[in-house]
Amino acid sequence: MRKIYILAVTLLITFQSVAQKLDKEATIDISGKAKRGYLGNVIVDDSREQLDLVFVTKATNRKVKFEAYQFDYNLKLINKIEDEQEVDKAKSKYSWFNFKGDSYAVEGVTAEGNLLGKFVVKKRRITYSYSWLLGRYRKNVKTLDKVKFETPNGRKMFFLAGFDNDQTGEVLALAGHQPSKGENSYLYMQKMSIMRVNFNLALVSEKVIDLKYPQALLYSGPNSAVDAESDEQSNWFVVFAPSGFPGKKERDPAPDNYTLVEITPTGDVVRTVNFKSKCADWLVSGVYAKGDEIYIYGPGVSKKAGEDYVELVRPTEESKFTDIQIACIKGNAAKFVSATNVDEFKAKVQGVAGDKNPTYYNGKKVDIRSLYVAKNGDLLITAQDFRVDKQGDAQGILYKDLMLFHFDAQGKLITQYGIENEVKKGGLVGGGLADPRFHAARGTILESADGKSLCWMLYIPYLTQSETEDYGTYKVTTFYPRRYPKVVKIDLEGKKIAGVADYGDKEYFLLEEHPFVEINDGKQGIYIGESKNGKSIWLGKFDPAKL
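In terms of my numbering, the sequence shown opens at residue 311 and continues consecutively.
For the record, the hints were derived by calculation from the structure and aren't laboratory data.
Incorrect hints may appear among the rest.
Just the calculated beta-carbon pair ranges, DEER-fashion [what the hints assert, rightly or not]:
hint : residue 1 : residue 2 : range
1    : Val580    : Gly557    : 29 to 39 Å
2    : Asn424    : Asn843    : 27 to 37 Å
3    : Leu387    : Asn843    : 12 to 22 Å
All C-beta atoms, glycine included, are put in the ideal place defined by N, C-alpha and C.
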């Protein structure tokens, strides 16, 4: 496989954060074989205070070669190990190793609606090609021809939503029952089937949801607490709102009577829960489920809540909103529902020292992302504002400043932290896609053991790298960002920013697949990156207590 690299520089940078030193730093030159391969896994052993970086240096359909660099927690290299295994034995010894050959395909099915919205099933082929750049398979999904599928009892249905399983080729489909002569005209919005269909077009199971009133589908998606790149199967969450489309006699008299349905990967209904929305319209950004609690969150409009039904034309992230709504479901009932107006975000915004105008949520063009539940029950939602760039050859979303919404355990806003994105402009090398602002910031949260503080570990795009992989019959070019680490420390007791720091000196950049690992039971962590030219591995030990 041939690799071509293009680096794009970043211009016009200003800095608010203090470039601080990490607890410890180390760089080490790795072998040419490791450079040409990829970092397959990072192993943390707190009992031995040891960190292993395991590179996959070569793989065929028969044998695999590994190269492991072992460090102590002072980042001193203590050992280097080379290993060669047959593929089957490698999978047994290295459980994370998922190599199944250069490429393989999974035959499957998917469900969708035709031009009239009627339920149809189509064959599809998922082709996996191994990327040595990413250390995982690239997925290419091709939808094929429509196939004949017999719905239960031959009933005609309307497609509502689908949840494809790319590993098994199965599909879970939610479809509304088309009314027969003499039946309720809005039956398809009220009586629905969850059908599990395998790649042989066999109906594995069917579960019927029978709602009291016609409903509009607001959201369909997996548990945001489950890593989308992992093999772990997530439950499926569907959110409904009463539809105002039917007449007064047929529709729910309470427009705020929303419904959550939780579905297992095998198509079983875990629970169906009603709750009162405080927004008349709501764009659900995600559903976070952990234990017996489910959090549904996203921007909404509270005006005329309880009076107006949801609009037929659904809002998007570019729409104007007035609130952030959070609904918490515990067991089979609503624990709380809160809606916070944009004026409250403006009144409670905090920035870093010296920032007189920190960015706050104003209801416009904000990408609302993950939710985190702190040890004390506080809720934190990460977000990043954006603008739509329609200039030049490369058009799309340019990501801007970062926000962290801090709510108490009942969804009441405590404060909002606004963090300026200091990367202002991308260079021209590599074309428009070289602008690092085309890539969203990533990150995670590292909470202290005593629950008194946490660190928002941000991975900020600073420049862009382009790499072309040659697979013989075709080539794939990937633009991906080189990120530097930024940390925002939050004092949960004082409800304020306790410190901000940048690391890496813009000379070392985080590995995209393995940027950071926790050590010592989450009390500390180690950044994993490389030099700008890719010749050296960079490690940085981070101790939140020293920030």
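Checked hints:
Separated by about 33 Å at the C-beta atoms, Val580 and Gly557 satisfy the suggested range of 29 to 39 Å. Distance hint check for Asn424 and Asn843: the Cβ-Cβ separation is about 53 Å, which falls outside the suggested range of 27 to 37 Å. The hinted window of 12 to 22 Å between Leu387 and Asn843 holds, with their beta carbons roughly 20 Å apart.
Hint 2 from the list above is the single one not met by this structure.
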